[in-house]
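Engineer: Residues per chain, in single letters:
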Amino acid sequence: MFGPKHGAELWVYIGATAAAFVAVFAVLHWLPVRFKRWLVVVCAFLGGLFYSLEYYLPAKHRWFPGGENPLSPLVIPMGNAVAVVSGFALALGLINLGLVHGRNIARARPGWYNSVAFFVALISMIVFGLWQSYVPDAARAAGLGLSGRQVHRVYDVLFNGLFQPLGATLFSVLAFYIASAAFRAFRIRTAEAAFMMVSAFIVMLGQVPVGQWLTQGLPTSVGNPLHYLRVENAANWLYSTWSMAGVRAVDFGIAVGALAMALRVWLSLERGSFFEVRESKK
Amino acid sequence: MTGQGAAERSRHIVFALVWAGVVITLVWSVPTRMPPSPPAQMLYDAIEKCPPDKLIVLSTSWDVGTRGENGPQTAAIVRHLFKSNRKFAIFGWIAPPGPVLAEQIAQRLAKQYHKRYGVDWVNWGYKTGLAPMIQALPKDVPAIIREDLFHTPVGRIPVMKGVRDYRDIAMVIELTGTGSLDTWIQFWQGVYGTQIGYACTGVMVPEAFPRLDAGQIKGVLKGLVGAAEYETLLGVPGDGQQRMTSQSVVHVLVIALILLGNFMALRARRKTKT
Amino acid sequence: MRSATVKTEHANLGQAILFLAVSGVILAGIFLSRRGRQLFIRRIPGLSAIDESIGRATEMGRPILFTFGLAWIDIVSMQALAILSHIARLAARFGNRLIVPLADVPLYTLAEEVCREAYAAEGKPEAFNPDDIIFLSDQQFAYAAGVIGLMHREKVATAFYFGYFYAESLLLAESGQIAGAVQVAGTPATTQIPFFMVATDYTIIGDEYFAGSAYLSREPTLVGSLVGQDVGKGIMLLLIVAGTVLAVLNKIMPGIFTQNYLAKWLGG
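Chains Z, P and W supply the protein sequences, listed in that same order.
With my numbering, the residue at position 222 of the first sequence is 210, and numbering never jumps.
Take any residue in the second sequence, count from 1 to its spot, add 1: that is its number in my numbering.
Take any residue in the third sequence, count from 1 to its spot, add 84: that is its number in my numbering.
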């Protein structure tokens, strides 16, 4: 059922999917409000149950029909379905951006020229990106006198000349912000802060030639204990012991927290205005 | 207002110092050999042990923003693969520009090593689908990939001949500035035992070490210094080693600023007390 | 370094039992709390600061900004939505403008719905401005540039960062600091915590993030789940200690402890 389809069979599947979508949408629309919540609860439970059972049931067992986990073949089609639904969001994003920036221009709000720049950038990137990728010689065929090479040149200016440097520029601002944050906010007021600062200095110096030059006189052979005082080895030791332990500890906590949240959403136990049900505070 | 003006002035001075330090050392830079750290050596050794008849996948999940770190890492690894005559596939699934940027690097280096696209490497391009696609990929590579970056069906590309599933892939190297590693561990390493290598930005390194320690990844390139270490292993200086001077200057500057900031805060506190 | 051979496609019996045990204590916590048992949660400064930060924005007459970072729809953003709901209700109550820039379209639809309902719950549906819920871009730095621009142009008094952040975390936090905003940040992204700690006023670390909805609302179900989580972490801790002891014994007495039984049972 989930294999690739071609020709008339493909159109039948598309038609049937569209009809099913309309039917589901119609049912959702006419359903009374109190049943809609139950529908959400049931769908959430079944969705979570599918993935949980698929994972916790073994891959093979004699009780399974055919000896194999019956849910495993459905995992990839389910994932593809989720990906398709997410794809619809692309159009929604474009529509929203178009409406917001269109309104800015129509009402001449302060900064409306930025919205004009947005449309110019959006349309030119879409047009030249698709053009040079799929139909590079269409312009010449249409009598516009533009060759595929010229179209590619425009795309090159937009991607390599504008898009890349703009993104790299903003990322590079981080270097300045790190320096200013370090100057403004790193204060050694407690013993723990001092310990953290010393560790940070060791790791930072261990990453650069200057740091390695400072401890170059120390032995390099692994058998010699002084070898660990070389700043690059000390940095690596900090990474692979203290830092790793800390990261693991935080990851464990986050994983259990995520499990608790997932359980609440799966079993529809989540509370708060977002989930519509409020219990009285005791 | 005076306090705010002083804070703004000091911020501008800090920005100017960073700018001067980086620009001067980039213009007058000296390539600096960095002794390879154990994680970089492990990645190098893991690639050296890969069978030459199997494909290595470079998953380029990086964007223009992290090109400063991931770019030299990609160049170093591609250079290693060209030097050792290993075939590889460039692939993107997180950041659409990733495969395009990596292709620019591969094309530049291919001229030095007389390598040909389609024969020595292929670029699968960016494929949508995120984690479900990565989960499906090891079972049938041609069906998921279909065509390369230049819209050529993979069946017509010589380097893809015989590549069917995970058994034809020796290693996946994830080059990234985002948290995309765990998907490969979950759906490839944990299921099929495929070797995973990792080349990440400096800030992601602490997250890599638990996985390295557990053996889930075979080696790590730690940011720009990882690229410099790899270039040392290859014996060919590149952008990584070239930029080590700039990195040195900024690191020393940040340490100096921390100490200066603490000294000034201590002095201000003592003045208030007296 | 050791080699892990944990298979991830399906759980084994040990992993299933561990899952049931941890889930069981979480559900037990929920059950006890709903039956009326008073459960204690320690003070989390970052979460306590949310209300006073909103108060600051009210006094200054300047807007509040809430952003999810690069989160898409998952557990992390569900938790952030719960916190947004609380903040939106307070903003509606005190007549504050709330700006919510986003980098994910499906999340944008949920955020808009949450804010609309929050304003309606406070009896001020007409005060809700859908133009203040803004999808900027799903590209990391385009999104970051958009948020930075918003913070400076709108002169936000308070900024909340709850969700999943990457390199843009310091860009946003430092820009907010320059703009003079009070900032509260919470993210499960371990690598970004140091940047938030330096540049924001309050930071919520690790699993304090998942305590947010329980802490703010004090709903019995959520409080019970939070306490159950802590017991679950206690179980993990016991297993870590037991595994460490067995690994050491396996090393020093290989004749008696031929393998690390716990690691083998859990699939290692």
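Since the hints were made in silico from the structure, they are not lab data.
Fair warning: there could be bad hints in the mix.
Claimed, not checked - Pairs of lysine-lysine, BS3-like flavour, derived with a Cα cap of 27 Å: (1) P:88 with P:55; (2) P:162 with P:112; (3) Z:-7 with P:162; (4) Z:48 with P:140; (5) P:88 with Z:-7; (6) W:348 with Z:48.
Engineer: Let me make sure I understand: some of the numbered hints might not hold for this structure. Which ones are they, in numerical order?
Structural biologist: Going through the list in order, the structure violates hint 5 alone and respects the others.
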